[in-house]
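Peer 1: Guided by the hints, dock chain B onto chain A, whose structure is given.
2 protein chains.
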Amino acid sequence: MVIEFISVGTEILLGNITNTNARYLAEECAVLGLSNYYQVTVGDNEERLSDAIRTALGRSDIVLLTGGLGPTEDDITRETVAKVLGRQMYEVPEIHQQIQQYFERMGAKNPSSNNWRQAMVIEGAEIVENHNGTAPGMIVPVDENKLVILMPGPPEELKMMFEESIAPYLAGRNQQVICSKTVKICGMGESRVAAALSDLISAQTNPTIGTYAKGGEVHLRITASGTDAKAARKSIKPIVKEIKERFGDKVYTTRESETLEQHVVSLLKRRNMTIATAESCTGGMVASTLVNVPGASEVFNEGYITYSNDAKHKLLGVKKKTLKNEGAVSEACAREMAKGAAKAANARAAISVTGIAGPDGGTKEKPVGLVYIGCCIDGKVWVECYHMNGDRQKIREITVKRGLDMLRRCIRQSGEE
Amino acid sequence: MVIEFISVGTEILLGNITNTNARYLAEECAVLGLSNYYQVTVGDNEERLSDAIRTALGRSDIVLLTGGLGPTEDDITRETVAKVLGRQMYEVPEIHQQIQQYFERMGAKNPSSNNWRQAMVIEGAEIVENHNGTAPGMIVPVDENKLVILMPGPPEELKMMFEESIAPYLAGRNQQVICSKTVKICGMGESRVAAALSDLISAQTNPTIGTYAKGGEVHLRITASGTDAKAARKSIKPIVKEIKERFGDKVYTTRESETLEQHVVSLLKRRNMTIATAESCTGGMVASTLVNVPGASEVFNEGYITYSNDAKHKLLGVKKKTLKNEGAVSEACAREMAKGAAKAANARAAISVTGIAGPDGGTKEKPVGLVYIGCCIDGKVWVECYHMNGDRQKIREITVKRGLDMLRRCIRQSGEE
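Which chain is which? The protein sequence lines are A and B, in order. Using numbering that gives the first Met the number 0, the letters of the first sequence correspond one by one to residues 0 to 416. Using numbering that gives the first Met the number 0, the letters of the second sequence correspond one by one to residues 0 to 416.
One chain only, chain A, in its complex shape (with noise of 0.2 Å):
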């Protein structure tokens, strides 16, 4: 079945607000098993909207109205749409009286003349209680295969709402289940992962592989949907096991809800190990990424920001002579970064970063983007050469995923031995 959404609100046309309504409710569906060809916003504008909605029931089963249900003389949503089906409109006493109950207990004792607009109900249509504000939602059955459903633009109206009355409704409707696992690849582009997939790739048919970018990482989605939740989960299974060999020790989780840093955190958790940061142009960004982790302080007590060359001598030991005849950007400088941090917090893991973010300090032997990292674990210690690109903040942000993503190599790798 397909489900079209039709966000109605000049204000996302203005770019006021994020229409974060549509990514929630097409997150939602897809887990319902619905399909999602096509999301438009219109504003509250009779003609166009008349317009997307006949559109919208031509192409989709499903149209699924977001907004305009408000009180105030622009909300044209139910109107519409009663128009558009050649319905009346009538009013639910019940529906009057909620809103006057909800006033009251919102202090406000007389509510505007246009707040009984929203007691108004589309002829034919099924009323969907709104438990996080005044106006309700409808289900309007069009045909036996066509749908129209009109919820509040509020996010915190709309999310319960759907969790409540809508999911349940869709579900019921539609008899089919959707099963998905999430793979997480760092340290290889999107395009490459996708290259190093692409037979699976081509040959899928259910269940499905997904691939998306994340700010310096790849996640694979495995969908699979089928009447048998069981036999859905089963035919996910042999693919995650495949591309997991595939892409080795890059796959860093199989946890949807496992960011890299709460990775590398329980790793540290599990050995035992407290770490210290050394940090020269994300200036902080790694330690704080750490810290971004809940109970980051079992694994975390102090980091250092040497953004000055006096500061990488005076806080961490770097010998004058490296930064003289190394620079500070250099694979000597970044090793005894990692050495020295570990020392001076008498931890047993230390990672170090120094390198040109930009835009200027560029030279034709240490471009920006130029960056070392170093690890130190138990005393060993491990540096990387990058050439990142981007922006300032794009290198400093891809810094810290490689940051961590060689932490987590190495954390593993040093416990191998």
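Treat the hints loosely; a few may be bogus.
Calculated cross-link-like contacts (lysine-lysine; reagent style DSS-like; alpha-carbon spacing at most 30 Å) [to be verified]:
| # | chain 1 | residue 1 | chain 2 | residue 2 |
| --- | --- | --- | --- | --- |
| 1 | B | Lys240 | B | Lys213 |
| 2 | B | Lys400 | B | Lys365 |
| 3 | B | Lys400 | A | Lys400 |
| 4 | B | Lys213 | A | Lys320 |
| 5 | B | Lys268 | A | Lys319 |
| 6 | A | Lys236 | A | Lys249 |
| 7 | B | Lys158 | A | Lys363 |
| 8 | B | Lys158 | A | Lys268 |
Bear in mind the hints are in silico, worked out from the structure with no lab data behind them.
Peer 2: Coordinates of chain B only, in the frame set by chain A:
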């Protein structure tokens, strides 16, 4: 002139990502005086994409497509636009070479063959350079009145290209002069800012005032349109003056491109000060935000991330007695951290942060969201206490904003004395 957006990407239809590009483009196009009546999202499917392009060309003057220009097989925007317009495609050797160079810089020797598709251009198109990635954009005149624009989907590529090339192009085409001025406010929520301006906002026609909440700040954009640039600019001035009077030192800048961290770094530069950072719950985010600013090295040499009590004592000289009696999250600790950081780094200015970011660790006396921020300028120390709302990540982000805002106020104050 009417512009329509078509976002291309199955990942949007599956709800894997939020379409933030549409909002960005909507906001920018509104400023350029373009009308946006429709935003459409379709997947990487030739038939449906062709259909969307044809529909858009029938009802809008400019069709702006984003996404689907990447290297993988399912990126079909280029080819589909060419087919719909009945145009040939040809390879541009310069772009081929740029892609080659890009991969060499990235240290990847053998880009997959799919990458070369990004060097293919639609006949008659103006090529738009992509300074943040490999896929170029295109401006394709259809006839005297209609235009198709192709832009890459990744937000950082799209934004840079829009600012550098597409916005100037569209502004020239529209022959409308739009002038705007931004006033940036820190330390007040959007609803309070809007309430303080309600008389101006409800009376507005041209110029208009827009309020935008931007991660802990509120930006006001005053926009005037017309055919005469000088008159438009002149009409903005009294409004900006009035706003500055109403909000006083809560206004930190009226420069569109100046961020709070840039403002703080230039204040420090002007006062010839260096700054040190001492962070607990933010774990390096304050330092990292300062380092966002190119040239931050002139005012920032070193920072300390003191997540544990030991580190606070060892690196910053916070008294063990203070930690024991008052706790790490206390006015006294923030004070000693700021003073200690300035001393350890031999810096005239320092900022310290200590707080409870949650989700665990809160008590009745010291709940999650309690944050102390200290500023030390030439030996004088200020400490402010905040109660932040939101999840761990949001509390830390807002703390950084409040910290930089406080720093700005303290530097100014100390200069006036």
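Peer 1: If a hint holds in the structure, say so; if it does not, say that too.
Peer 2: Results of checking the hints against the structure:
no.	hint	in the structure
1	B/Lys240 - B/Lys213	holds, 22 Å
2	B/Lys400 - B/Lys365	holds, 21 Å
3	B/Lys400 - A/Lys400	holds, 24 Å
4	B/Lys213 - A/Lys320	violated, 46 Å
5	B/Lys268 - A/Lys319	holds, 27 Å
6	A/Lys236 - A/Lys249	holds, 19 Å
7	B/Lys158 - A/Lys363	holds, 28 Å
8	B/Lys158 - A/Lys268	violated, 39 Å
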